[in-house]
Structure formats: C-alpha cells, structure tokens
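Colleague: Turn these sequences into a full structure, and let the hints steer you where they fit.
Residue numbers (my numbering), protein chains in the order written: chain G, 77 to 392; chain C, 97 to 376.
Read the hints as simulated data drawn from the structure, not as lab findings. Here a beta-carbon is modelled for each residue, glycine too, at the ideal position from N, C-alpha and C. Mixed in with the good hints there might be a few duds.
[As the list claims (entries may be wrong)] To spell it out: a stretch of chain C is covered by chain G in this simulated footprint if at least three of its residues, at any positions, have a beta carbon under 8 Å from a beta carbon of chain G; those stretches are:
hint: 1; stretch: 187–199
hint: 2; stretch: 349–359
[Said to hold, decoys possible] Derived pair list, reagent style SDA-like, types lysine to any residue, alpha-carbon separation capped at 20 Å:
hint: 3; chain 1: C; residue 1: 121; chain 2: G; residue 2: 172
hint: 4; chain 1: G; residue 1: 130; chain 2: C; residue 2: 306
hint: 5; chain 1: G; residue 1: 357; chain 2: G; residue 2: 340
hint: 6; chain 1: G; residue 1: 159; chain 2: C; residue 2: 205
hint: 7; chain 1: C; residue 1: 374; chain 2: G; residue 2: 93
hint: 8; chain 1: C; residue 1: 121; chain 2: G; residue 2: 87
hint: 9; chain 1: C; residue 1: 193; chain 2: G; residue 2: 357
hint: 10; chain 1: G; residue 1: 130; chain 2: G; residue 2: 87
hint: 11; chain 1: C; residue 1: 332; chain 2: C; residue 2: 358
hint: 12; chain 1: G; residue 1: 174; chain 2: C; residue 2: 332
hint: 13; chain 1: G; residue 1: 159; chain 2: C; residue 2: 195
hint: 14; chain 1: C; residue 1: 121; chain 2: G; residue 2: 170
hint: 15; chain 1: G; residue 1: 174; chain 2: C; residue 2: 352
hint: 16; chain 1: C; residue 1: 193; chain 2: G; residue 2: 322
[As the list claims (entries may be wrong)] Pair by pair, the computed Cβ-Cβ distance ranges are:
hint: 17; chain 1: C; residue 1: 221; chain 2: G; residue 2: 212; range: 27 to 37 Å
hint: 18; chain 1: C; residue 1: 283; chain 2: G; residue 2: 96; range: 51 to 61 Å
hint: 19; chain 1: G; residue 1: 265; chain 2: C; residue 2: 112; range: 48 to 58 Å
hint: 20; chain 1: G; residue 1: 213; chain 2: C; residue 2: 221; range: 23 to 33 Å
hint: 21; chain 1: G; residue 1: 149; chain 2: C; residue 2: 346; range: 52 to 62 Å
hint: 22; chain 1: C; residue 1: 136; chain 2: G; residue 2: 95; range: 55 to 65 Å
hint: 23; chain 1: G; residue 1: 219; chain 2: C; residue 2: 214; range: 45 to 55 Å
hint: 24; chain 1: C; residue 1: 221; chain 2: G; residue 2: 194; range: 24 to 34 Å
hint: 25; chain 1: C; residue 1: 308; chain 2: G; residue 2: 149; range: 28 to 38 Å
hint: 26; chain 1: G; residue 1: 97; chain 2: C; residue 2: 112; range: 37 to 47 Å
hint: 27; chain 1: C; residue 1: 358; chain 2: G; residue 2: 97; range: 52 to 62 Å
hint: 28; chain 1: G; residue 1: 96; chain 2: C; residue 2: 346; range: 31 to 41 Å
hint: 29; chain 1: G; residue 1: 219; chain 2: C; residue 2: 350; range: 31 to 41 Å
hint: 30; chain 1: G; residue 1: 212; chain 2: C; residue 2: 319; range: 54 to 64 Å
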Amino acid sequence: MAAVIETHDLTKVYEGAWKGQDVLALNKLNISIEEGEIFGFLGPNGSGKTTTIKMLLGLIFPTSGHLEILGRKDIGKPAVREKIGYLPEGAYYPDFLKGEEVLRFYGQLYGLTGSELKRRIAQVLETVGMTRARKRLIRGYSKGMRQRIGLAQALINDPQILILDEPTTGLDPIARKEIRDILAELRSRGKSLFISSHELLEVELISDRVGILFEGNLQTLGTIDELLTERDLSIRVADATPEKLKEVTAAGVAAEDSVRGTVVLRVPSALDLFDALERCKAAQLKVVSVAPRRETLEELFVRVVGDAAKQQEGPK
Amino acid sequence: MTARSGLIRGPWAIAVYTWREGMRKRILIGFLILSLLFIFGANLMAAFMSQSTVGEVEADVDVKLIKDICVTVISIFGVLITIFISASAVPTEVENKVIYTVLSKPVRRLQYLFGKFLGIQLIVIINLVLMGALFFIALYVKTRILPTLLLWSILLTYFEFLIVSAFTFAVSCASTSAVLPTIAGLFIYLVGNLTEYLKDVVRRSGQTGMWLDEAIGKTARFLYQVLPNLQNFSLKSQILYQAPNDPPQDVQVPNLILYGLLYAVCGFLMAYWVFRRKEL
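Modeller: What follows is the structure, encoded as structure tokens:
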C-alpha cells in the first residue's frame, strides 16, 4: 500500500521570547500512514499531537525535517488541500447558521457550486445521519450533532485523507458508537484516517495502527495486534475474602476486578500459572476460569508513557 | 469550475460569512442603535426647538444643530464600528478555531485575508449607509433640499474609515486578541487626524538653527509625508456652513479616493506580510 502521509525527522521548536525559553514540541518524528488505514495518534497533553496535525495542515511550519502528503512536499498548495478533510477539536460553528448552511460555506471554499454542491451536502448529511436536522439552526444542536456537522464539513470534498482531532470527546456512548461506525465505514471506502485522541478505548476499537508520543518523542509505533499482546493471564476465582486474597496477591498476583461475587486475578507473564493456581488452592479459593489476557491500549499507554517519564527523570 | 472562479468564490464566501457574523455582534449592534438614536434624537430636539422659536435665523440654528450632531455621531460611531470589526475579525476566528477549518481547505492565506477584509468593508459600508440615510432623510425633511453634499461627505468618510480599517486589520493579523488592535485602531485614527498639525511643526522648525530644531523639522516632514492625513476627508465645516446641495469645495474627490485606496492597499499588504507565515 502507498503511504499517504509521511514525516521525515519532523521537528518543531517553539521559540520563546527570551533565550533559553525555546520549547521542543516535536523531535524527529518519522511516521508513515498507509492508504486505507486508521492511524491512532496518542499521547498525553502537551506531547506534540496538535503540533503534528497543525504541521500536516500547513498552519505552522517545521523547524527541521519535512513531510509529504500524497507524495507531495508542497502541502500548502490547494491541489494537496483538496484531498484532505480536517475536524479540529472543539471547533465552533456559527449559531445563526443552519446545518446545511455551514456545509454550503465549507463546500464553497472547495469551489463547489450549484447542483454539485447540493449533491455533496445531501451526501455528507446522509453519511453523518443529519439529513433530518439540516434545516435546524446550529444553536439548537446537541454536542453530538455539532460534532457530526463538524465531521460532515470535513467530508464535504470527499477527501482521501481525514485528520480528526478528538472526534469523540465529550460525546455520549451512543453518539460515540455512531461516530465510530461512520469512521469504520469511511475506512471501508478506502479513506485514510489520522485520529488524535485521548479516548483510548475508541482508538483501540477502530485503529489499525497506533503511535504514542511523549514530550515530542515517538515512543512506540505498531499495529494494535503487535502492541497489545497476550502478555498475562487472568484467573477468575469465587469464595474470595480479603484474607484469602492477601495470601495470593503477596506472590505478585494482582486482584483486578470484582464481578458478581467472583474476583479476577491478573497473573503477570513473569509468574508461573501453575504456581499461581497452587496458591489459589492453598488459600481455598475456588477457580472458576483461566484465560489469556490481552493488554488494553490504556494499559499500554500508561506503561509506555510511565517508562518514558522514568527514563527522562533518570536514575536517582 | 475554472481556477479563476475558484479564486474569487473562496474569498467571496468568506466575505459573506464575515459580514453575516459581524452584523450579529452585540457590541456592533449597540453602536449602531446608539448612533441611530442620536441622529433621531437630534431631529426630535430640533423639532421641539422649532416649535418654541420663529424666524429664519432660528430655523438655520435648528438645521445646524441636526447637521452638527449627525456629522459628529457618524464620525464617532462609524469609526468605533470600523475599528471594532477590523480588530476582531481575525483574532476571533483564531480563538474559536474556525480559521483552522478554513485554512485547511484549498484557500490561500491571501484569499482568506482578502475575504475577511472584504467582509469587514461590507459591514462598514452597510452601517455607514444606514446612519447616512437617516441623516439624509432628516436633513431633507427639514430643508426640503436634496442634501447632495452629505452624499459626498459619506463617500469620503468611507475612504477615511477604509484607511483606519486597513491598518487596524494589519495589527490584528499580528495579534492574538482584539484588545491590542482596537487600541492601535484608535491610535491610528487619532494620529491620522493630527497629521495636519505636523505641517505647522515643519513650518516653525529650523528657525533657531539648532540641530535638535532641524531634526524635529525633518522628522515632522517625514511623518507628514508618510502618515495618512484623515482631515483631508472631512467635509464637516462645509456641511455645517454651506447649503445642503452645494458641491464639495477645495477637495478633489477622485484624488482623495485614490489616496484612500493607496493607503488601504498598503495596510492590506502589511496585513498579508504579517500573516503569510504566521503560526496559527
């Protein structure tokens, strides 16, 4: 598959007003987004995600390194922008406009007019499920509806690449699921999606690959299956009391969750399963089930960011 | 769609959007309502005075009162509206992130700025026309003479506002909030109206032969040549003391329009120079 976005040693330093106040926001980022994939771009606040997105859109400029979009380095040119759709985080859409008026405005910026513009507006409203609300003023929209209109404006030109900054933040579970379904549908149509988000569960459910940034440095990059390996095991036990659990957890097994009278114990990969089961038996815990346990994206994120922070602090 | 039509449609869509949004700003509506109230109030006051006085001299005083208040109100509120809208158009869009969605589309920064500036001018013109129309009607009702001089005055006032708008807009492109450009806009307006006094400074300088005196004279001459002289656009005294249908005197209207356009282009180019590589 061809790469639609490529960054080569992309670096951004924000210059401070005084000497020594410069901030390294992004340090030699090298990533490649393939055609038809959803790429989850993760990182804590201030890690360089928005800086990267702004550089992809030509809103700010790299200090060194360069990036290519669809094989072109002149990313500010209208010919390149025509292939990109962008949904910023928490964008404002004027209250006095109707949903379809907002889309008309953005469509006109692509040079769409007349029947072509009308057709595209109807199409994207249908895609985001807003056809019935198209004549309503934005001020009467819920947060989820505003986000859908935001997504619709990003899709108005039928872009090849979609850059989405926090597409599901602040939405209720139903709206999240609906947005997720729309994004999955876009991928099935061959679109490439670059998603920056703090909603790790959403990213895990939808992304093909993820990259985790910390303080401007890319810490890890890979497919979900590569990164979220079945590292540990889980043992579900019944008849658990705090005293009994104490005996087991002392050996490094962690009590994770309690569900309807049973407790899930996490056995780290470093420990022997049979040893853990022996301990359960000795503590008179009734073993209900044993299952391989895949690390969640949230756990990976916390581990990677935690390790990076420790490494940065250095040995004390 | 041809490339040329795309070049025009983008800025035009931005201009219409800017105009529609700007006309809904509460502070702007407030200025406009206040100015219209003042103009209306001047007429009421004049009508009240004309009931209690008789004779031609008193009638002239009434007309002069209307003219005086209306010209001042249009000048003050007009420039406030111009400065406010020119100062806030771009920083507001940066704040609410609309600019990100616009500039991520195939819109060049020059086109974006041109669209915003065009939208600002639509707002300024509409406000000026509204205020001017009320003044025009009031003066016509009072004198029964078509006040054509007022039309010339409003035309020149617009070009005065255009200069203030262009330079305020340039400052706003370098700023992250509307506060600094608003202050800068007021400063530009004041300086532009004081430029006339630089002529006196030039005339009086160099009489003592001291180097400081010479330097002040040279600086004043340079500033007089560079800064726009907004007093050139004022027909206030002619409106006050001449018949409403007299032609404008001692002013070359086409030259003044060209003068206004030239400064506006300079202001706009400054805005583009600041904005073309601005990090958003």
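Colleague: Verify the CB-CB distance for residue 136 (chain C) and residue 95 (chain G) against the hinted window 55 to 65 Å.
Modeller: Hint holds: Cβ distance 59 Å, inside 55 to 65 Å.
Colleague: Just to be sure I understand the hint, the distance between the Cβ atoms of residue 221 (chain C) and residue 212 (chain G) should be within 27 to 37 Å; is that true here?
Modeller: holds, 32 Å
Colleague: Is residue 193 (chain C) close enough to residue 322 (chain G), meaning Cα to Cα at most 20 Å?
Modeller: With Cα atoms ~53 Å apart, residue 193 (chain C) and residue 322 (chain G) exceed 20 Å; violated.
Colleague: Using a Cβ cutoff of 8 Å, are there at least 3 residues of the stretch 187–199 of chain C near chain G, or does the coverage claim fail?
Modeller: holds (count 7)
Colleague: Are the Cα positions of residue 357 (chain G) and residue 340 (chain G) separated by 20 Å at most?
Modeller: At roughly 15 Å apart (the allowed maximum being 20 Å), residue 340 (chain G) and residue 357 (chain G) satisfy the hint.
Colleague: Range hint 37 to 47 Å: satisfied by the CB atoms of residue 97 (chain G) and residue 112 (chain C)?
Modeller: holds, 42 Å
Colleague: Okay, residue 213 (chain G) versus residue 221 (chain C) on CB: inside 23 to 33 Å?
Modeller: holds, 27 Å
Colleague: Hint check: residue 332 (chain C) vs residue 358 (chain C), CA-CA at most 20 Å. Holds or violated?
Modeller: violated, 23 Å
Colleague: Is 28 to 38 Å right for how far apart the beta carbons of residue 308 (chain C) and residue 149 (chain G) are?
Modeller: violated, 56 Å
Colleague: Closer than 8 Å Cβ to Cβ for three or more residues is the test here. Does the stretch 349–359 of chain C pass it with chain G?
Modeller: Check failed, 0 qualifying residues.
Colleague: Compare the distance between the alpha carbons of residue 130 (chain G) and residue 306 (chain C) with 20 Å, and conclude whether the hinted pair is satisfied.
Modeller: violated, 57 Å
Colleague: Under the criterion that the straight-line Cα-Cα distance not exceed 20 Å, is the pair residue 374 (chain C), residue 93 (chain G) satisfied?
Modeller: holds, 16 Å
Checked against the numbered hints above, the structure violates hints 2, 4, 8, 9, 11, 12, 15, 16, 18, 19, 23, 25, 27, 28, 29; every other hint is satisfied.
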